[in-house]
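Colleague: Heads up: the protein sequence lines correspond to chains A and B, in order.
Residue numbers for the first sequence follow our numbering, so the first one is 1 and each next one is one higher.
Residue numbers for the second sequence follow our numbering, so the first one is 292 and each next one is one higher.
Honestly, I wouldn't trust all of these hints.
Think about it this way: if two alpha-carbon atoms lie no more than 30 Å apart in a straight line, the pair counts; the simulated DSBU-like pairs of lysine-lysine are [said to hold, decoys possible]:
| id | chain 1 | residue 1 | chain 2 | residue 2 |
| --- | --- | --- | --- | --- |
| 1 | A | Lys69 | B | Lys443 |
| 2 | A | Lys18 | B | Lys361 |
| 3 | B | Lys366 | B | Lys376 |
| 4 | B | Lys376 | B | Lys361 |
| 5 | A | Lys225 | B | Lys443 |
| 6 | B | Lys519 | A | Lys82 |
Covered by chain B, according to a simulated footprint, are these stretches of chain A (three or more residues, beta-carbon under 8 Å) [what the hints assert, rightly or not]:
| id | segment |
| --- | --- |
| 7 | 110 to 120 |
| 8 | 131 to 139 |
| 9 | 254 to 261 |
Read the hints as simulated data drawn from the structure, not as lab findings.
The beta-carbon is built from N, C-alpha and C at its ideal position, and this holds for glycine as well.
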Amino acid sequence: MAERTLISPAQLGRPRGKFLYWSVLVAVILLFTLVFLGPLYWMVTGGLKTAQEYAQSPPTAFPHSAHPKNYSDAWNIMDLSKLLFNTLYYAFGALAFQLVFDVAAAYSLSKLRPIFGKVILGMMLATLMIPATVLVVPQYLTVLDVPIVHRNLINSPWVIWLPSVTNAFNIFLLKRFFDSIPRELLDAAAIDGAPPLRTLRSIVLPISRPILGVVSIFAVVGVWKDFLWPLLTLPDPAKQSLNVGIYSLAQGVPENWLIAALAMASAPTLIIFLIFQRNIMSGLTAGSLKG
Amino acid sequence: MSAPTLSTSSTPSKPDGPGREVPAYARREAFTSALRRNISAHGFLIGAVLCFSFFSWYPMVREFLLAFQKTEAGKTSWVGLRNLKYVANDPAFWQAWRNTLLFTGLALLLGFVVPFFVAIILNEFRHGQGYLRLLVYLPVMLPPVASVLLFKYFYDPGYGLFNGILHFLHLPEQQWLQSTSTAMLSVVIASTWMNMGGATLIYLAALQGIPGELYEAAELDGAGLFSKIWHITIPQTRLILSLLLLMQIIATMQVFAEPFLLTGGAGPEGSTTTVVYLIYQYAFNFNNYGGAAALGLVLLVLLAGFSAVYVRLSRDSED
Numbered sequence: 001m002a003e004r005t006l007i008s009p010a011q012l013g014r015p016r017g018k019f020l021y022w023s024v025l026v027a028v029i030l031l032f033t034l035v036f037l038g039p040l041y042w043m044v045t046g047g048l049k050t051a052q053e054y055a056q057s058p059p060t061a062f063p064h065s066a067h068p069k070n071y072s073d074a075w076n077i078m079d080l081s082k083l084l085f086n087t088l089y090y091a092f093g094a095l096a097f098q099l100v101f102d103v104a105a106a107y108s109l110s111k112l113r114p115i116f117g118k119v120i121l122g123m124m125l126a127t128l129m130i131p132a133t134v135l136v137v138p139q140y141l142t143v144l145d146v147p148i149v150h151r152n153l154i155n156s157p158w159v160i161w162l163p164s165v166t167n168a169f170n171i172f173l174l175k176r177f178f179d180s181i182p183r184e185l186l187d188a189a190a191i192d193g194a195p196p197l198r199t200l201r202s203i204v205l206p207i208s209r210p211i212l213g214v215v216s217i218f219a220v221v222g223v224w225k226d227f228l229w230p231l232l233t234l235p236d237p238a239k240q241s242l243n244v245g246i247y248s249l250a251q252g253v254p255e256n257w258l259i260a261a262l263a264m265a266s267a268p269t270l271i272i273f274l275i276f277q278r279n280i281m282s283g284l285t286a287g288s289l290k291g
Numbered sequence: 292m293s294a295p296t297l298s299t300s301s302t303p304s305k306p307d308g309p310g311r312e313v314p315a316y317a318r319r320e321a322f323t324s325a326l327r328r329n330i331s332a333h334g335f336l337i338g339a340v341l342c343f344s345f346f347s348w349y350p351m352v353r354e355f356l357l358a359f360q361k362t363e364a365g366k367t368s369w370v371g372l373r374n375l376k377y378v379a380n381d382p383a384f385w386q387a388w389r390n391t392l393l394f395t396g397l398a399l400l401l402g403f404v405v406p407f408f409v410a411i412i413l414n415e416f417r418h419g420q421g422y423l424r425l426l427v428y429l430p431v432m433l434p435p436v437a438s439v440l441l442f443k444y445f446y447d448p449g450y451g452l453f454n455g456i457l458h459f460l461h462l463p464e465q466q467w468l469q470s471t472s473t474a475m476l477s478v479v480i481a482s483t484w485m486n487m488g489g490a491t492l493i494y495l496a497a498l499q500g501i502p503g504e505l506y507e508a509a510e511l512d513g514a515g516l517f518s519k520i521w522h523i524t525i526p527q528t529r530l531i532l533s534l535l536l537l538m539q540i541i542a543t544m545q546v547f548a549e550p551f552l553l554t555g556g557a558g559p560e561g562s563t564t565t566v567v568y569l570i571y572q573y574a575f576n577f578n579n580y581g582g583a584a585a586l587g588l589v590l591l592v593l594l595a596g597f598s599a600v601y602v603r604l605s606r607d608s609e610d
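Looking at chain B on its own, in the form it has when it is part of the complex (with noise of 0.2 Å):
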């Protein structure tokens, strides 16, 4: 039991002076006012609470239970590590992974580095910034239905707008979502054009907390724009950087919307199979709940990692 605070009991604090003897009353008054604080306290809590518990604090425990079961007829039983050599030896689960890691290192060129530097160019102009900022975060607000079939009309091989630009700059044409070889590089172009407003924003944010005078001390020992951004730029944003990394590995590694809506989730010969999209196959196509559970364990563990440092620099950077 914490001891309960004056400053928050109801009633007005009695003048204890030094050496003087609480007497038997105030201290009973005391405990039952700390135990109606807690008791209104708690009735605040109690509703998040239960919806934690029945929503995400227990899927979260049946998550670890799934994985080490097996439900047939009705009984379940556990199996140990079977779901998980079940799956390892599934070939489409390595395919999954490849492909999960392609889409995340690709998104990370495109949706990390690409909105830094668009922050930065929009960072120095004095006009239109509003404007600017306004279409960039315009996609992230439409329903992912709208963008994503959307792309998908303008990546028809046939009559789609891509191809109608590449036709008309006399470039190649290209088979976009129906070839292996450019099917992920298009889910990532359109699921970077759908996220960067946010990253963007933020980086923005970062940027206008630099301060001035140390872009001038730079100036006045040379320093050129390039070395401006590396020795100024880039470290003033570093913790920003960092973080937006960090939610962003985790935020890619689980794509599943994209491949899903763009090719039906698997895409030509399983080129944009994903690792969430695998689990979904296993739950909802296979039944085979098990195995979907051994594969989110896989994948949790490896986010777990990264959530932890996030968490942590997030703390740092609050203090």
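Extracted from the complex, chain A is given alone in its bound form (with noise of 0.2 Å):
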């Protein structure tokens, strides 16, 4: 039985209780339904309409005729395999490195407790204090020209990847995981004689599978629902991200073929939420409710 809530059963029990509880609901569940997937309804059936349809006046709930072939013309025109490309290339990369940078940091942060671990720590937390759109000017700056390297990381993945790495949540929520597993375990190793990297690899990493799902689904969707760092730093037309592709191409193209093209943008993302969907929402309010 769950927890009770706001309205007692007993007054839900009742013959009035149970009107209104079933009228409510199939009242919420419609207008949610028209809300939230309306939208989408709209944006695939959009796609599927010719340009005189499109621009009817009233809209149609219902093309006259379908045109699959808008959604053909669109991803040849605007090219998307090369923006869907390029997407997941700079999200899986992005992942990769936040997999290895962060788990590291966060694994001897929180295991291996070097000295200035504190401040090191302190340190990366205190980037969540500054406002990200403050710090796109001077990030701008210094991917022009890395200091001590001396290289321009524009139109290079680098631009993405390796900013990607500075999430301090991510960090955060890694190492408040590793915190919880006992220490005993470790201890267990290190007496086996075996070194942090294999202790990390065979018995952090195995539990921390939950974590670690939720911490790569956020770093994929990061980037692939970027916009302003990638329309800055990936002019060139052929590196760029979904977004920004579709951002630049937009003015150019008929609408119906636009729409067609948004709503093969969003199927990715999309598909990976119904899949993970359980460990997403799961994920996000352990990231914010924290504990």
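Once you've looked at the hints, go ahead and assemble the two chains, each given alone in its own frame, into the complex.
Modeller: Here it is as structure tokens:
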């Protein structure tokens, strides 16, 4: 039996309560489907309409006739395969970098406890206090000419991958999870002579699968949704991500094609979401509720 | 140098009885093992620390330097508060702040209050809760360009869906993004649709942690529905409510993508120019990095206060 909520079970059990409950439920389900699924329906069907039907006023709820060719035209003209590939490349590259560097850092800060570890963690967490958009300008100037190595990272995938590692929130999530792994487990491995890397690989990582999943999803979705940073740092149309590419092509293509392109651009993250919805939603609450 | 802790050293600890001298070789061994441990620990840290140094910490320092510097013909000089004076004298400065505060206010009204009541209603349902949760969170997963351009079409005064609906209901049609009086509200509506899923799910999780006995006790005292919400639901979720309030203030004051994509940034007569869009303009349209940094510093000082309270509260909530 679930915990009782605002309205008492006795009240709900009465005929009036039952009637109210079901009518409110049905109304909310209809309203939510309309509000949240409606636009997606409109997007998918809008991509099927002809240009004339699309520009019609008032808009039509069902396309008079379906034109799936809009989708393939939009795919080819806007070169969506390239945009999609670029975005995947950036997202999974960023994921790899975050998994390697952030997990290693969190493991070190949580279990190896190096000297100055607290200071380093504090400095990482301090970056959460600086509004991200404030840093965009100095970050942009930095990637134009990275100090010491003097490289220009504009238009290269590194400009997405390396800054994505500076995700203090992910490090914080990982560290908190690692903190909860019992000391004795790691001590046992240490007594058996396992070096830290082996302990990380064969003890810590297998236990941490849930949090690694959450961090991975956040990492991929973060890159997939980002707009301002790739807009500034990937000006070459051949290197652009989906968001930026579609934005810069939006002016020059017929609207029904653009709508079809939006539907195709939305599909990957929606599919990821439908597959991993349980992990995503629990990760979201775990991340913000703290315990 | 921190004292090497025995439990983490890789050598098994020697039985040191009370009063027994620790031999020199044991101390040396403890020192080398602590050194080895620190070298490997810092080895694990190095990748992240380098990335933070280049792409986070150094830009943070640079933001402060830029705000007080001017670069002309390759020469950098200190100009004190002149950058700040320059941006403050720009009429767009005050308009951008007014717009940003308006956006934050409207976004809190819609994006903070609405999800709370949605969560309260969803929490009462024994059926279909999974489906409803899925629906609210769906837009959060869309690429922002898709949802924003979608709304741009809905707002179209000619053949847009919204005016179609208003027409059908025999209500006066609106100019939406084209009019100074409705442009910002239109941006807020789109932004709320895109982002309310996260807040709703967090509220739901918080509501599920409220012990049912509290409601029972309140009912015995004759409390009605609204007094139960006021005296139990809100106080019980106060911490999450205040955390989300701070988080949303911090996020909405940095709004950029929505107005940029919906109205090109400025909107009719600058009615949707936000502070971050102004920073973007200074840096990337006017090439005035000093002005952009000075403006950024103002935003930073304002939001740092909120951020500090946020970090403090979330740390307290952990204990």
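Colleague: Each hint should be assessed against the structure and marked as holding or not.
Modeller: Outcome of the hint check:
1. A/Lys69 with B/Lys443: With a Cα-Cα distance of about 24 Å, the restraint between A/Lys69 and B/Lys443 holds, given a limit of 30 Å.
2. A/Lys18 with B/Lys361: 70 Å, violated
3. B/Lys366 with B/Lys376: 21 Å, holds
4. B/Lys376 with B/Lys361: 13 Å, holds
5. A/Lys225 with B/Lys443: Satisfied, since the Cα-Cα distance of roughly 18 Å is no more than 30 Å.
6. B/Lys519 with A/Lys82: 55 Å, violated
7. 110 to 120: holds (count 6)
8. 131 to 139: n = 9 at 8 Å, threshold three: holds.
9. 254 to 261: Since 3 is at least three, the answer is holds.
In this structure, the hints that do not hold are numbers 2, 6, in rising order.
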